[in-house]
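With chain A held as given, fit chain B onto it using these hints.
Protein chains: 2
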Amino acid sequence: MTLELDRKAFRDLSYGLYLVTSFKGDRLNGQVVNTVIQVTSEPPRVAVIINKKNLTHDFILKSQVFAVSVLEESAPMAFFGPFGFKSGRDVDKLVKVAFKKGSTGCPLITEHSLSVLEAEVIDRVDLGSHSIFVAVVVSSGVLKTGRPMTYHNYHEPLKGKSPRNAPTIEPPA
Amino acid sequence: MTLELDRKAFRDLSYGLYLVTSFKGDRLNGQVVNTVIQVTSEPPRVAVIINKKNLTHDFILKSQVFAVSVLEESAPMAFFGPFGFKSGRDVDKLVKVAFKKGSTGCPLITEHSLSVLEAEVIDRVDLGSHSIFVAVVVSSGVLKTGRPMTYHNYHEPLKGKSPRNAPTIEPPA
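Protein sequence lines correspond, in order, to chains A and B. Read left to right, the first sequence gives residues 1 to 173 (the numbering used here). Read left to right, the second sequence gives residues 1 to 173 (the numbering used here).
Extracted from the complex, chain A is given alone in its bound form (with noise of 0.2 Å):
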């Protein structure tokens, strides 16, 4: 069987979508991501991957900490839409969120969250575009219980748009 290269395949690939955040002195930020992944069990470590033009990306370079709160799927549009496509260089998206610091100094989003997560990074891999950073998770615990928000309830019922850092950003045809 010989296939071209047909990006919609991709799009049955399947993602949570979270808040991921971090600190540079006394400045905090966050973005929306769609890959947070836990690559091993012990000990506990998962992966984020991050576009190098993100300022959370440049955050996380200078801390090597970054905090994951995981979107419930109940989380509106106008709550979480200025992560993904605002940039912290020009707003501080924090500013109207409650959150609160966590143990690595990052800010640990507590609204429309149900679980959340600290990790200090031990690995990253330069992708050209995008980093991929590895980290041992050093906090974690559930603030609520309910459905985990997927990047396919955030296409399909919410018609949501990726930003145009996302790694799953489709080009133009």
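In case anyone wonders, no lab produced these hints; they're calculated from the structure. Don't take every hint at face value.
Intra- or inter-copy, both count: the list cannot distinguish identical chains.
Unchecked claim - Straight line, CA to CA, 35 Å or less: simulated DSBU-like cross-link-like pairs of lysine-lysine:
#1 24 with 8
#2 100 with 8
#3 24 with 101
#4 8 with 86
#5 101 with 8
#6 161 with 62
This structure is a prediction, so every number in the text was calculated from the model and none was measured.
Structure of chain B alone, referenced to chain A:
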């Protein structure tokens, strides 16, 4: 906010469910994974996490290629269960399954698959128990339209358990 490390938080991370296949000489093998993600758009690259104990890991190391078949939501456990709970060292997992060889030589499983892709490894991150294989997608196609199986579907409606080599396995309390 100071949190302990509560692994229940990890259960809120979302994944799909996939069959990842490779080959070594004239031997074919494959396994279930939940960790296939797109990591860049240009060029289209994916990452997959594989336990080093698994035969598929050996095959990918040797051949430097793998294929991914996206399971459809209605795929029965009887079909894909053997890919997770049996080893290719003991049985030929492909013998009862419909597949075609792709341009890389990897088997593309055409039964209960929505989409397939083939990828050439460009980097490997050694995580001790697991490897992250980063790979360029060289062919992909949609076989049928439908809803993809998610890891949540597998755990809840199908009451599936994680194979002991999964990155998401929870150690005994």
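Quick rundown of the hints versus the structure:
{"no.": "1", "hint": "24 with 8", "verdict": "between (38 Å within a copy, 29 Å between copies)"}
{"no.": "2", "hint": "100 with 8", "verdict": "between (39 Å within a copy, 20 Å between copies)"}
{"no.": "3", "hint": "24 with 101", "verdict": "within (13 Å within a copy, 49 Å between copies)"}
{"no.": "4", "hint": "8 with 86", "verdict": "both (27 Å within a copy, 31 Å between copies)"}
{"no.": "5", "hint": "101 with 8", "verdict": "between (40 Å within a copy, 20 Å between copies)"}
{"no.": "6", "hint": "161 with 62", "verdict": "within (29 Å within a copy, 39 Å between copies)"}
Hint violations for this structure: none, all hints satisfied.
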